[in-house]
Structures are given as structure tokens and as C-alpha cells.
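Protein chains: 2
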Amino acid sequence: MNDDPGSTARAIEFWFDFGSNYSYLSMMRIEALAAARNVKIVWRPFLLGPVFRQLGFENSPFVLQKEKGAYVWKDMERQCGKYGIALTRPSTFPRAALLAMRVAVLGANEPWIGDWCRKIMQLNFVDDREIGSIDVVRDALDSLGLPAQNLIDAAQSDANKLSLREQTEQAVNKGIFGAPTFFVGGEMFWGNDRLEDALDYCDAIAARQ
Amino acid sequence: MNDDPGSTARAIEFWFDFGSNYSYLSMMRIEALAAARNVKIVWRPFLLGPVFRQLGFENSPFVLQKEKGAYVWKDMERQCGKYGIALTRPSTFPRAALLAMRVAVLGANEPWIGDWCRKIMQLNFVDDREIGSIDVVRDALDSLGLPAQNLIDAAQSDANKLSLREQTEQAVNKGIFGAPTFFVGGEMFWGNDRLEDALDYCDAIAARQ
Numbered sequence: 049m050n051d052d053p054g055s056t057a058r059a060i061e062f063w064f065d066f067g068s069n070y071s072y073l074s075m076m077r078i079e080a081l082a083a084a085r086n087v088k089i090v091w092r093p094f095l096l097g098p099v100f101r102q103l104g105f106e107n108s109p110f111v112l113q114k115e116k117g118a119y120v121w122k123d124m125e126r127q128c129g130k131y132g133i134a135l136t137r138p139s140t141f142p143r144a145a146l147l148a149m150r151v152a153v154l155g156a157n158e159p160w161i162g163d164w165c166r167k168i169m170q171l172n173f174v175d176d177r178e179i180g181s182i183d184v185v186r187d188a189l190d191s192l193g194l195p196a197q198n199l200i201d202a203a204q205s206d207a208n209k210l211s212l213r214e215q216t217e218q219a220v221n222k223g224i225f226g227a228p229t230f231f232v233g234g235e236m237f238w239g240n241d242r243l244e245d246a247l248d249y250c251d252a253i254a255a256r257q
Numbered sequence: 049m050n051d052d053p054g055s056t057a058r059a060i061e062f063w064f065d066f067g068s069n070y071s072y073l074s075m076m077r078i079e080a081l082a083a084a085r086n087v088k089i090v091w092r093p094f095l096l097g098p099v100f101r102q103l104g105f106e107n108s109p110f111v112l113q114k115e116k117g118a119y120v121w122k123d124m125e126r127q128c129g130k131y132g133i134a135l136t137r138p139s140t141f142p143r144a145a146l147l148a149m150r151v152a153v154l155g156a157n158e159p160w161i162g163d164w165c166r167k168i169m170q171l172n173f174v175d176d177r178e179i180g181s182i183d184v185v186r187d188a189l190d191s192l193g194l195p196a197q198n199l200i201d202a203a204q205s206d207a208n209k210l211s212l213r214e215q216t217e218q219a220v221n222k223g224i225f226g227a228p229t230f231f232v233g234g235e236m237f238w239g240n241d242r243l244e245d246a247l248d249y250c251d252a253i254a255a256r257q
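If you're matching them up, the sequences are chains A and B in order. Those letters in the first sequence? Residues 49 to 257, by my numbering. Those letters in the second sequence? Residues 49 to 257, by my numbering.
Certain hints may be false.
The list treats identical chains as interchangeable, and a pair is accepted whether it falls inside one copy or across any two copies.
Distance condition first, Cα-Cα at most 27 Å in a straight line; then the derived BS3-like pairs of lysine-lysine [claimed, not checked]:
{"#": "1", "residue 1": "K88", "residue 2": "K122"}
{"#": "2", "residue 1": "K209", "residue 2": "K88"}
{"#": "3", "residue 1": "K130", "residue 2": "K222"}
{"#": "4", "residue 1": "K130", "residue 2": "K88"}
{"#": "5", "residue 1": "K122", "residue 2": "K222"}
No lab work stands behind these hints: they were computed from the structure.
Between the sequences and the hints, there should be enough to build the whole structure, so can you do that?
See the structure below:
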């Protein structure tokens, strides 16, 4: 039983990776935008690396194509300026953040998921910290007042590791080829530039019902 | 001598290829947007195929990556819907349009350049015609009341063929890796999604002067 017949439509799936710079832009914007429209965020962390490898790329296109890579950081500066979001170009890119991603899978339905995701993104794209390190993850959990060791242990359980692997396979099966990607009512939207369109589509679905 | 000291800044270079679907979106929008801001369009047709090959790709990424290709046409439908632009998915993609591109280089500073570019884009992305064919080019020139045979002869002169080749080399040298690409005051903006930002940048430069 579902008390709110519109609840399924008024949700946006947010597929992201902490290493992805355009996921960072969406991460810092999605909660306010979704709340303003009464849209629920369904958090879908997945590993972009295996998705790229599945598509035949050994690394991010922003690394493999130097022209595109050079452009992307200019674009990021301008986009961050437009949105009023801080940015430091990470000294390592893209940063793997396996443990932090596992914590995100573990906490996907927890009230702290948004805080966690923004915290890790800020450590990567503002503070230029090694978000792949267990010490950085522990400090980040501590800073949010979360039980760091318990969550790290749970994140590293076989079941939770499998959850992230399965979610990554699901990304491939859904035709995801980059991040961020949004799904609304089965419709796919790729890239931070489509976040507003994806949210508009929630309203379009609701209007049809 | 330049009578208008702001004239250099209030210009946008529009780098495009008639085969490029996102160039189509910009083509149908740029003239009205630029006119509303008193910005001059500098028309820069170039061949995307050689640029892709220079970057190591044998074809458009929308053809080489089937997931991205499938997505792009959904995105095109939605974007065209949003902008109120007609769209028929071309039965051949990407379409080479060498002669039509040569006419565009020839006419880049002529009063009919905008009409020509929109006409060819419409033939490709609405009427699904073979814009690579000399007959289609001739009919298109006729339909605009232009001297078809004269322009076709001039477009196929060695000097004009060289102009298009040189402009394509210039695209590579400027770090262009896709289309459409815009330049404003030396700053590069990639993709139809950045057209408004590029035009905003004209105002930002003017405000600084």
C-alpha cells in the first residue's frame, strides 16, 4: 500500500561517483532543487571506473583526451562561479574513493546520506584531500558525529561490498555511460546540465496523472 | 581604425559542422539570441570528421558508443521539444556535407550565411535529405534565390577548398574537440548547453572595459 499515489513519480534517482567532477556540481545543488519541488532523491552511488572499462575506456575521457581535459577544468571554474560553488582542482584526478562509496551505499536510505555525500565531495573538490584513504573517511564520519568504526566495518562487510558491485552492474544494464546520471519515471538524463530538466520531468509526469 | 571599440568583444565565434546534431540546436537558436544582445556572429564552419580522427576516433562518439548514441537521440527529442525546434532523426548519421560546408566557408561574411546554414540544417535534421548531394545543395541555393551554379563553382575552387581545410586545422590548433564550439574573447565554450553562457561572457567582457 502506498499512501501517496504520486510518490513514485515525484522521485529522482541520482547516480553519482565521488571522483566525478560534474557529479560534484549536482551534489552541491540537488538537495535544495529537489526540496523546492517536493521531489524525493533516491541516492545511487556507483563506480564509474568499471562502467568506463565496460565501454572500452581505461580511464576518464577527461584524462584520455587532453583537449577535453583542459577544457573541462575551465568549464568547471566557470560553472562553479555561476552556481557559487567553491572549487580547487584536485591534485589527483579522478580520485578513487572505494570506502567512501561503500559508506554511501550503506547509508543510501539514512538521514545522513546528503551530509555524507557533500562532505566527501567537498574534501575532494575543495580541500583536495585523499578521499580514498581510510583516515580521511574516518575523520569525515567523526566530523558528522557518526559512529566511524561501526560504519566502516559495516561498509566493508561482504554484503555491502556486493551491494556496490551490483549497483554498478545495474548502472551498466540501464545504459549509464557517465556521471552524474538521473532517472525520473524510467527516463534517463545525463549530466549536471540536465538536472533541472530531470526535475521538470517529475512535474510533467505528475501533470499527466 | 575601429569606430566601435567594443566591437571585437561583442562577437561570438560559432564553430559548427552541418552533420552535428548539437550544432543543429545552436544553429536554430544563435541568431535570435545574439541579435537580442547586439552580439555579432562570426561563422566558423569546420569539418568535425578530421578533428575526431586527429583525436583518435574513427567516427562520432554517438556512433562509436552505442549507449551514448541511444541516449543522444532521446536527449535531442527532449531538447527540441523544450526549444520548439522540429526534429526528424536523420536516416544517415552523421551526414557528410562537404560541398554545403564549402558553400558555408565561401559565404561566411555574406548576408545570406544564416539562411544558408539554417536551410542545410533543416534539410538534414527535419527533412532527412542527403545534404551531401550536389542536387540537394543546388536546390537549396535555388530556394534561397542565390546563383546556384556560380556559388557551387566558387565553392569548389582550389582556394575555397583550402579555406575549409585551413579552418579545420585551426579548429584542431585551438583545442576544439567537438561541435558546436564557441569562442568569446579567447575563451572556449563547448556544446549547445553553453551558448547562453558564451553570450553572457560577451557582456562580462564589455562590463570590464
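Hints, one by one, checked against the model:
1. For the homomeric pair K88 and K122, the shortest alpha-carbon distance between copies (24 Å) is at most 27 Å, but the shortest distance inside one copy (32 Å) is not.
2. For the homomeric pair K209 and K88, the shortest alpha-carbon distance inside one copy (25 Å) is at most 27 Å, but the shortest distance between copies (55 Å) is not.
3. For the identical chains of this complex, K130 and K222 are inter-copy neighbours only, at 24 Å across copies versus 31 Å inside a copy, given an alpha-carbon limit of 27 Å.
4. In this homomeric assembly, K130 and K88 come within 27 Å of each other (Cα to Cα) both inside a single copy, at 25 Å, and across copies, at 24 Å.
5. With identical chains, the CA atoms of K122 and K222 are at most 27 Å apart between copies only, with a shortest distance of 14 Å across copies and 31 Å within one.
Of the numbered hints listed earlier, not one is contradicted by the structure.
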